[in-house]
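Chemist: Take the given structure of chain A and dock chain B to it, following the hints.
If you're matching them up, the sequences are chains A and B in order. Numbered per this note's numbering, the first sequence finishes at 202, counting up by one with no gaps. Numbered per this note's numbering, the second sequence finishes at 1188, counting up by one with no gaps.
One should not assume that every hint holds.
Unchecked claim - Okay, derived cross-link-like pairs now, EDC-like style, lysine to aspartate or glutamate, Cα gap no bigger than 20 Å in a straight line:
#: 1; chain 1: B; residue 1: Lys1148; chain 2: A; residue 2: Glu51
#: 2; chain 1: B; residue 1: Lys1164; chain 2: A; residue 2: Glu51
#: 3; chain 1: B; residue 1: Lys1134; chain 2: A; residue 2: Glu51
#: 4; chain 1: B; residue 1: Lys1058; chain 2: A; residue 2: Asp62
#: 5; chain 1: B; residue 1: Lys1164; chain 2: A; residue 2: Glu12
#: 6; chain 1: B; residue 1: Lys1164; chain 2: A; residue 2: Glu42
The set of hints was computed from the structure by calculation and includes no laboratory data.
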Amino acid sequence: MRCRAARRSILETTLRAGRSLLPSDVEKHLRTCASCAAEAREGRRLVADLERLRTEVPFPVDVTGRVMARLLASDASHPELSRSRIGFLVAAVLAAAAATTWVLLGHLPLLQLEVGRLWAVAGGMATALAEIARPARHVARALGTLGLHAWTALSPLVSQVARSAPSYQSVALAAVLAMTSATALVVRRDLRRDARPAEKES
Amino acid sequence: MEDRPEQDHRLAQEALRGDQEAFRALVARYQRLVASVAWRFGVRSEEIEDLVSDVFVKVYRNLSRYHPAHPFSTWLYRLTVNHLVDRARRARREPKRAELPQEVVDHAPSAHDGILETERARLLRGALAGIDSKYREALSLVYVEGFKVEEASGVLGVPEGTVKTRLLRGREALRRVLTRQHPGYFEA
Chain A
1 MRCRAARRSI LETTLRAGRS LLPSDVEKHL RTCASCAAEA REGRRLVADL ERLRTEVPFP
61 VDVTGRVMAR LLASDASHPE LSRSRIGFLV AAVLAAAAAT TWVLLGHLPL LQLEVGRLWA
121 VAGGMATALA EIARPARHVA RALGTLGLHA WTALSPLVSQ VARSAPSYQS VALAAVLAMT
181 SATALVVRRD LRRDARPAEK ES
Chain B
1001 MEDRPEQDHR LAQEALRGDQ EAFRALVARY QRLVASVAWR FGVRSEEIED LVSDVFVKVY
1061 RNLSRYHPAH PFSTWLYRLT VNHLVDRARR ARREPKRAEL PQEVVDHAPS AHDGILETER
1121 ARLLRGALAG IDSKYREALS LVYVEGFKVE EASGVLGVPE GTVKTRLLRG REALRRVLTR
1181 QHPGYFEA
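Just chain A, with the same shape it has in the complex:
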């Protein structure tokens, strides 16, 4: 048996539950190889010592004050906030996608968007997504950016659709109102959560 295989086998033995005995070929090798015998002996000792390190930290640690101060000082706001923000974002994207599909399917001939406007929408969306990934207080700014870009790009389409069929005007208005209300709710919740720790501090 080669030393390398013997050492691997010794290692495997230390990893097995109950630390079973070494295989006979390894035992035989250890009787003839002083280096591997030392490795086995010292390795066993080392593993036992390493296992004994599993003890409590030998000095007191108190970071509660520091952790709470960091949370208050940072933009951590509320742990659930990111989840609600992502949920809101997903809902907004799905609603926008559904509305776009509906308009596209129903009024294909009316769509004459220029490539530049599509770029503006994509750019606006990317900016908004990057902002939304940041802490809560940026949500309002992000949604503002998103709204601005979307409005710049889509306003000609909206007015075109509205001219062609008056009923779309009310649908667009309702959509804008719904988005505005949802945004206001999210921002209000963010602000309340941000304000809560400050109130407690005072």
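Modeler: This is chain B only, laid out in the frame that chain A set:
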């Protein structure tokens, strides 16, 4: 009366609802656990409080991902180990900021016949700090923390064979360091 996991779950839920005091209670309850894991991973004592506070800030930000099917302590433990592994990875990428072994530099070799157990632990911890962090992580996870090889493989993001190789080389490296710095270590 609630047992500990139930209390943890309730505190986590209250913290999720914005109760800062509930989170404070969780920090107070588990800071020693996090500090112990960090200590066993070879983090220097003067850096432990920073590390513990980093871990709890991370816990707060990820609390919504905690699943009550598992004990909070298990989730916290995993998060701590992952944080330590990430930290070691960052240190490897930034060699200038790599940790200086805390206890290797300030010890004269001691080759006495009966080294006390606490002294052995101190020497071993110093030697652990002196070996490559890849090996240290594997040894700490498997032998000190008691992870199975497959679990360590998951935490470290490497195949099980790699974990075993690191264990083998880590043991050899540790033996070399100990034999060189403390010739009496294995004779005691």
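Chemist: Could you run down the list of hints and mark each one as holding or not?
Modeler: Checked hints:
A C-alpha spacing of about 13 Å is found between Lys1148(B) and Glu51(A), which places the hinted pair at or below 20 Å, so the restraint holds. Of the pairs offered as hints, the one joining Lys1164(B) and Glu51(A) holds, with about 17 Å between alpha carbons and a cut-off of 20 Å not exceeded. The straight-line distance between the Cα atoms of Lys1134(B) and Glu51(A) is roughly 18 Å, inside the 20 Å bound, and the hint therefore holds. Between Lys1058(B) and Asp62(A) the CA atoms are separated by roughly 17 Å; this keeps the pair inside 20 Å, and the hint holds.
Annotation: proposed proximity of Lys1164(B) to Glu12(A) holds, straight-line Cα distance about 8 Å (limit 20 Å). Of the pairs offered as hints, the one joining Lys1164(B) and Glu42(A) holds, with about 18 Å between alpha carbons and a cut-off of 20 Å not exceeded.
In this structure, none of the earlier numbered hints is contradicted; all agree with it.
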